[in-house]
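Number of protein chains: 4
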Amino acid sequence: MNKRGFASDNNAGIHPDILDAILMANDGHVIAYGDDAYTIKAKELLKQHFGEDSEVFLVLTGTGANVSGLSAITDSYHGIICPETAHIAVDECGAPEKFTGCKLITVPTTDGKLTPSILTGLLHGIGFEHHVQPRVISISQATEMGTVYKSPEIKQLASFAHSNNMFLHMDGARIANAAVNLNCGFKEITKDVGVDVLSFGGTKNGMLFGEAVIFLTPDLAENFKYIRKQSMQLVSKMRFISAQYIPYLEKEIWKPNAQHANRMAKLLSEKVSLLPEVKITQPVEANGVFAIIPERIIRPLREKYFFYTWNEERSEVRWMTSFDTREEDIIGFTDTLKNLLRNQ
Amino acid sequence: MNKRGFASDNNAGIHPDILDAILMANDGHVIAYGDDAYTIKAKELLKQHFGEDSEVFLVLTGTGANVSGLSAITDSYHGIICPETAHIAVDECGAPEKFTGCKLITVPTTDGKLTPSILTGLLHGIGFEHHVQPRVISISQATEMGTVYKSPEIKQLASFAHSNNMFLHMDGARIANAAVNLNCGFKEITKDVGVDVLSFGGTKNGMLFGEAVIFLTPDLAENFKYIRKQSMQLVSKMRFISAQYIPYLEKEIWKPNAQHANRMAKLLSEKVSLLPEVKITQPVEANGVFAIIPERIIRPLREKYFFYTWNEERSEVRWMTSFDTREEDIIGFTDTLKNLLRNQ
Amino acid sequence: MNKRGFASDNNAGIHPDILDAILMANDGHVIAYGDDAYTIKAKELLKQHFGEDSEVFLVLTGTGANVSGLSAITDSYHGIICPETAHIAVDECGAPEKFTGCKLITVPTTDGKLTPSILTGLLHGIGFEHHVQPRVISISQATEMGTVYKSPEIKQLASFAHSNNMFLHMDGARIANAAVNLNCGFKEITKDVGVDVLSFGGTKNGMLFGEAVIFLTPDLAENFKYIRKQSMQLVSKMRFISAQYIPYLEKEIWKPNAQHANRMAKLLSEKVSLLPEVKITQPVEANGVFAIIPERIIRPLREKYFFYTWNEERSEVRWMTSFDTREEDIIGFTDTLKNLLRNQ
Amino acid sequence: MNKRGFASDNNAGIHPDILDAILMANDGHVIAYGDDAYTIKAKELLKQHFGEDSEVFLVLTGTGANVSGLSAITDSYHGIICPETAHIAVDECGAPEKFTGCKLITVPTTDGKLTPSILTGLLHGIGFEHHVQPRVISISQATEMGTVYKSPEIKQLASFAHSNNMFLHMDGARIANAAVNLNCGFKEITKDVGVDVLSFGGTKNGMLFGEAVIFLTPDLAENFKYIRKQSMQLVSKMRFISAQYIPYLEKEIWKPNAQHANRMAKLLSEKVSLLPEVKITQPVEANGVFAIIPERIIRPLREKYFFYTWNEERSEVRWMTSFDTREEDIIGFTDTLKNLLRNQ
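Chains as they are written, first to last, in our numbering: chain A, 1 to 344; chain B, 345 to 688; chain C, 689 to 1032; chain D, 1033 to 1376.
Derived by calculation from the structure, the hints in this document are not laboratory data.
Fair warning: there could be bad hints in the mix.
What the hints assert, rightly or not - List time: in silico DSS-like cross-link candidates among lysine-lysine, alpha-carbon distance up to 27 Å: (1) A:Lys304 with A:Lys338; (2) C:Lys992 with D:Lys1075; (3) A:Lys41 with B:Lys599; (4) A:Lys41 with B:Lys648.
Said to hold, decoys possible - Just a few of them, taken from the derived set where beta-carbon distance is under 7 Å, the chain D residues facing chain C: (5) Gly1037; (6) Asn1043; (7) Gly1045; (8) Ala1064; (9) Gly1096; (10) Gly1126; (11) Gln1262; (12) Met1264; (13) Val1267.
The beta-carbon is built from N, C-alpha and C at its ideal position, and this holds for glycine as well.
Turn these sequences into a full structure, and let the hints steer you where they fit.
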């Protein structure tokens, strides 16, 4: 049996109902590249969640969703403002710069969240040809720090963006975890509060592969089909992405999956926060727990459970839970941690 | 039931044994992004086929494999020589130019195949800074025209490339169809005859998704892991690509699949070539049949079977077979064609 | 004294009146990057020639003008159609592909000129996401083959472009030579016949350096100032480009300069066409003469006069004249050629 | 007469001896693109200053020099570390990102200078494919803040870079001002202390236009001629850049020019620092003076003299002097400032 852990929500596998949907879709011939009944159905379902006038495109990876979506709303002389912890800034090996040509303007934050007041100081050099022109504010929901934007916070950022001739982009790799935290639907934290373009993730919440780029401002999608292809994000046997989205949305698999992951994170956080020398560093609002633990126990703990160090200087680690995290994983992990703290 | 057809080999689904392998891999947690037992095994198997000193990377799409592989062996001031029918030149929406920055130098051919004599005239301006510097010869095996390079033909191109300070790249989206046509293994038409970098396709021959970039000249792979990530071709749940390659190679699923597809193409070609007003335009060496048919019957024929027009001016169509094409498909198609020729 | 020759019109120096203008502009402080009186004046003069509603930007090089201008009217998934002899296709080291990301779709021609009938066959795959979308037709006036488009020919290409949702771009590195050949002004062969964007050259006709990108369709210029800067074509001491354009246009230096160069080309062509074994291969309509001469005399001839071989296979050479070519240069050259033909 | 000012050193014109050199070079035909006697001579002189084994290329603009030089030492998955005030980060409209594809990793500093201790924390994720790989440390000499690196400081940065598999790049747009401040030659602050690639500026110190990219580590120049062309930095009439460098270096025009500019900055700084409400914010080591002045007087002061606001929030302005700044300019400016402080 494989070692379990808290390295990332994408260390988990596929939810059984989603795997079933893939099996069912493996039936004869369908037109490749998305002109098939599964894709039509998946797009309908996504439009039900995000608004009938949204434009929906399925892609392959989270990085692909972010980069292609950003590419649709920028020219190369634009700037993309994001937190310095953003996935697009840190974890995509420079793909955003390479593919869009844009500068990423990164902003320090304490909790991974942007606010209009942080941004005001960045809007200089507008109209000045020597400077890149800020064009996009990109936020992650949930954030890379496991925190969640409330609807009004997003709305404020959208207003700020739109009143400054910018767009609001959301990296929703973990949008399901945010939605269940807020006890709302997807639309209330995207379309309804002014998000223009969304990377709608599924892989981290029980799908095999596949993400969606959703244009809540549909005009922006005009040429996206070419961008998707040119960014190498158009899959030939698309029915097998689409088929996953059908139960994910129709049977609302996203909801219990994300609820469970969030609950496990909460539980983990509660358990470990009772231990000496463990300091939780971020509010646990989604499925991530950030903690400072003694440097001496990181290595032995990792021998038993997968996880990553977030900040070496501060001895801060990140533990992610997923739809398939078990309570016994939490208990086993906490016990191991407790023993290590005592004995090392 | 879905309509069947001859539009493309990627209109087919997943071979049952490969789907089984995906199911089996859905077991607990493994490290994402390729540091898992399935990927280690898949890479071992690929090295057995291509040589122990080859370097193997799994990616997502055929376009992704081509573009990232080409990116590893070029700088933006280089030229990439290919037939004017090449997938990289025609079917990738300019992704090679966008991502590598290179010029594609396209060469007319009759059968989709390059020869050294065609290329000699292109090597001017070497060392002259106003001209892009030819750096790569890219061939497809099997070609987009359904023809197959023989080993010595590839070897000659490799010699020509290497003696002119160039690399030989192979788009092997249909390499299995070529190998069974030549009754040989993959190594004999790649590593052994001087190919430097290969896009090794599986999707068109029974896999769900996933391709491999294989560096037969291993030094060229030095920084490829960054290129793969930056080209948005690194999948998080990589075990599900890797798991497919295990039966594909270990149980040699590639072989009967490709043999069947090729045989069906041959059968189709034989059947339709007996019909009046049908002219087969290319040797049928892999799984594609090219034919000129009367323009008047294209539309009614397409209402019953998927397929694409290859060349509108010449009323030339392309029919692709796949691992799951049935003899009854061929018969039904031929009958329909016959009737249309008679009655329209 | 320096060796003279027919290698290129940019082997010539600066016209004295233009040099004077540079001297005069060297007076105290002016704001850098174009916010100065010289630039305002130069732009006014250019607008007088091209229409008050044109938008004018000064840049540094011909390649820079072409690439930045094309960048303003394309996205990376577009195709740019041009003759296979075009400067953008052959002589810019792939800068167009690198900077725009576009594919260049090159078309064989006999005389460097495109026609609508040549282009019709290229407009396939429109709306099909696997193919680049043709967006620009780019022509050179005068062409790289020394020929000149007549106004109606340009108008036809513009109509073809516009009725197919494309733009017409003109590389006018030698537009002055074309205009004097046609005995017309610049507007009649650009704005009046539908050209959208023009690279307006001066360097090849007596200026030190500096070109202009002129948007005849002014909306296309909306964000060009950022593109100019990002393409490294914004010069700090811009007054010294601008100052050159003032006499060039106000005193019409462009006209006698180009007339002289064209006349010298005509004279050269007439003289050498009388010689045995010399075959003029293109109509001499601007300042270039193309000829096939015996391969054996190319090297000794080049020892006395600069010039380039155009096509090695055919032993075809190119001789360019310039504003400062002297009749004695022609006579000396013809005599040398004659002697070599006799004695070698 | 034109208004004078302190906006930038490139608001000045051309030094008379340099203009003379341009006049002298306007003699007959020479081969374009650098194969001429002026360029050969200029390169020889540059090699005398920077070491015989350096590789020298003339380009057009400062941005062009930086971007093309950086392009020669990076791949697109690399990171370029620089101060957040760096010209490449702030004033080049994203050209570095667009052209190299790299991420710029910007570091806050107080005085525009990097130190190894600042950089240590940035070297994480080495070998981790999700992160860009730091490859270049880029510094400006003199800095954008008017400060100057001492030789040992550069040497430390070079050692840090080289011991971490990185290169040291120097933006030397104002290297002459730095050299005279340190009372040394160019080699002592570049080649001798480990700089790998230098943008050697001339325009800000009395030239018309033209910069040089100098490879102190000559192997890095291997393919630079293609990069120069592809980055649109190859000028056809190159003799007129080269000719300027001849007196600039041979007659050492760079030295009195820079000495004068620096002396004027010092004088200005001394004069204004006596005034109430004026706070000099940076050491005046080159030709820039940074000061906080009352916001109310910025606009009226600018009506008389050109200058830029550096930081609106802090009401901080930048005053640049140049080779042609006159003592009377300083006196006039100081008097105006004094009057405004008194009366507004």
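Cross-check of the supplied hints:
no.: 1; hint: A:Lys304 with A:Lys338; result: holds (13 Å)
no.: 2; hint: C:Lys992 with D:Lys1075; result: holds (26 Å)
no.: 3; hint: A:Lys41 with B:Lys599; result: violated (35 Å)
no.: 4; hint: A:Lys41 with B:Lys648; result: holds (23 Å)
no.: 5; hint: Gly1037; result: holds (6 Å)
no.: 6; hint: Asn1043; result: holds (5 Å)
no.: 7; hint: Gly1045; result: holds (4 Å)
no.: 8; hint: Ala1064; result: holds (4 Å)
no.: 9; hint: Gly1096; result: holds (4 Å)
no.: 10; hint: Gly1126; result: holds (6 Å)
no.: 11; hint: Gln1262; result: holds (5 Å)
no.: 12; hint: Met1264; result: holds (4 Å)
no.: 13; hint: Val1267; result: holds (6 Å)
When the structure is compared with the earlier hints, a violation turns up for hint 3 alone.
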